[in-house]
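> Given chain C, put chain B in place with the hints provided.
Line order of the protein sequences matches chains C and B. The first sequence begins at 1 in the numbering used here and counts up one residue at a time. The second sequence begins at 1 in the numbering used here and counts up one residue at a time.
In case anyone wonders, no lab produced these hints; they're calculated from the structure. Predicted model, so just to flag it, every value in this text is computed and none were measured. Glycine is no exception: its CB is placed at the ideal position from the N, C-alpha and C atoms. Fair warning: there could be bad hints in the mix.
The calculated lysine-lysine pairs, modelled on DSSO-like cross-linking and capped at a C-alpha distance of 30 Å, are [to be verified]:
1. 70/B with 99/B
2. 9/C with 99/B
3. 22/C with 99/B
4. 99/B with 38/C
5. 41/C with 56/B
6. 40/C with 18/C
7. 99/B with 40/C
8. 36/C with 99/B
9. 70/B with 41/C
10. 9/C with 41/C
11. 38/C with 70/B
12. 56/B with 40/C
13. 36/C with 70/B
14. 9/C with 70/B
15. 40/C with 67/B
16. 99/B with 19/C
17. 19/C with 68/B
18. 22/C with 68/B
19. 99/B with 41/C
20. 67/B with 56/B
Here are some of the chain B residues that sit facing chain C, going by a computed Cβ distance under 7 Å [stated by the list, open to error]:
21. 9
22. 104
23. 108
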Amino acid sequence: DTEVTQTPKHLVMGMTNKKSLKCEQHMGHRAMYWYKQKAKKPPELMFVYSYEKLSINESVPSRFSPECPNSSLLNLHLHALQPEDSALYLCASSQIGSVADTQYFGPGTRLTVL
Amino acid sequence: GEDVEQSLFLSVREGDSSVINCTYTDSSSTYLYWYKQEPGAGLQLLTYIFSNMDMKQDQRLTVLLNKKDKHLSLRIADTQTGDSAIYFCAEGRSGGYNKLIFGAGTRLAVHP
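Looking at chain C on its own, in the form it has when it is part of the complex (with noise of 0.2 Å):
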């Protein structure tokens, strides 16, 4: 089993809303991260969280805030957001220092901030 799960699938916000998006995985993994892409762009990495503690954060605005409660999920929750921060966001998961360390995506939450 290689899946990994995000809801919701879409989300629409308001700027001065409050919502959480959600990543799972049974795979065992115990490297997480957050990635935000932009229409006809990569992925850009947002956060990684290694043995559950948060251990890249790639300059990301405080209006982002990622949770990681137990080795199997990783919340990201969002306050105050803008519209500029309408993407499709991704979660992926890896081994740690297994041969290849293949990080394994979700299928994204598409966010629209109005």
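Same frame as chain C, now just chain B:
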């Protein structure tokens, strides 16, 4: 630098072979990956190659790596309409988590 470069567009006839090219700059990269993204979907891992390999074949897919020139290619044999998608190459270094550096993606269009 950490640049990964790909041509942006490729058009092929159904049944022909497609070759998507990629160049990277970091000679310390351990693995190189090919991902496929269909419209509105996430990234699907197609294949990867270890940096000390020259070639890897997996069914219709052949990956060639020229480490001296830092050139990677993906050949898709007998290309089908279902292969139409964006293909990203990415370089990564293992050891702990794996930070991927993606190319801009090549849009493959397959026509009858």
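> Hint by hint, note whether the structure agrees.
We went through each hint and held it up to the structure:
1. Restraint check for residue 70/B and residue 99/B: satisfied, since their Cα atoms lie roughly 18 Å apart, inside the 30 Å limit.
2. Only pairs whose Cα atoms come within 30 Å are accepted, and residue 9/C paired with residue 99/B is accepted, the gap being roughly 25 Å.
3. Between residue 22/C and residue 99/B the alpha-carbon distance is near 21 Å, which keeps this suggested pair within the 30 Å criterion.
4. Between residue 99/B and residue 38/C the alpha-carbon distance is near 19 Å, which keeps this suggested pair within the 30 Å criterion.
5. Between residue 41/C and residue 56/B the CA atoms are separated by roughly 27 Å; this keeps the pair inside 30 Å, and the hint holds.
6. A threshold of 30 Å between alpha carbons decides the hint, and for residue 40/C with residue 18/C the separation of about 27 Å falls inside it, so the pair holds.
7. For the proposed pair residue 99/B and residue 40/C, the alpha carbon gap of about 21 Å is at most 30 Å, so the pair holds.
8. Under the criterion of a C-alpha separation no larger than 30 Å, the hint pairing residue 36/C with residue 99/B is consistent with the structure, at around 14 Å.
9. Simply put, residue 70/B and residue 41/C have alpha-carbon atoms about 22 Å apart, close enough for the 30 Å limit, and the pair holds.
10. At most 30 Å may separate the alpha-carbon atoms for a hinted pair to count; residue 9/C and residue 41/C meet this at roughly 19 Å.
11. For the given pair, residue 38/C sits about 27 Å from residue 70/B by alpha-carbon distance, which is consistent with the 30 Å threshold.
12. With a CA separation close to 28 Å, the supplied pair residue 56/B and residue 40/C stays within the 30 Å bound.
13. Distance hint between residue 36/C and residue 70/B is fulfilled; the C-alpha atoms sit about 27 Å from each other, no more than 30 Å.
14. At most 30 Å may separate the alpha-carbon atoms for a hinted pair to count; residue 9/C and residue 70/B exceed this at roughly 37 Å.
15. A threshold of 30 Å between alpha carbons decides the hint, and for residue 40/C with residue 67/B the separation of about 28 Å falls inside it, so the pair holds.
16. Using a Cα cut-off of 30 Å, the hinted pair residue 99/B and residue 19/C holds, with the two alpha carbons roughly 27 Å apart.
17. Proposed proximity of residue 19/C and residue 68/B is contradicted: the alpha carbons are some 48 Å apart, above 30 Å.
18. Under the criterion of a C-alpha separation no larger than 30 Å, the hint pairing residue 22/C with residue 68/B is inconsistent with the structure, at around 42 Å.
19. Annotation: proposed proximity of residue 99/B to residue 41/C holds, straight-line Cα distance about 17 Å (limit 30 Å).
20. Only pairs whose Cα atoms come within 30 Å are accepted, and residue 67/B paired with residue 56/B is accepted, the gap being roughly 14 Å.
21. The beta carbon of residue 9/B is not positioned within 7 Å of any beta carbon in chain C (closest approach about 11 Å), and the interface hint is therefore violated.
22. The interface hint given for residue 104/B holds, since its Cβ lies 6 Å from the closest Cβ of chain C, which is under the 7 Å cut-off.
23. Given the 7 Å rule on beta carbons, the hint for residue 108/B is violated: about 14 Å separates it from the nearest Cβ of chain C.
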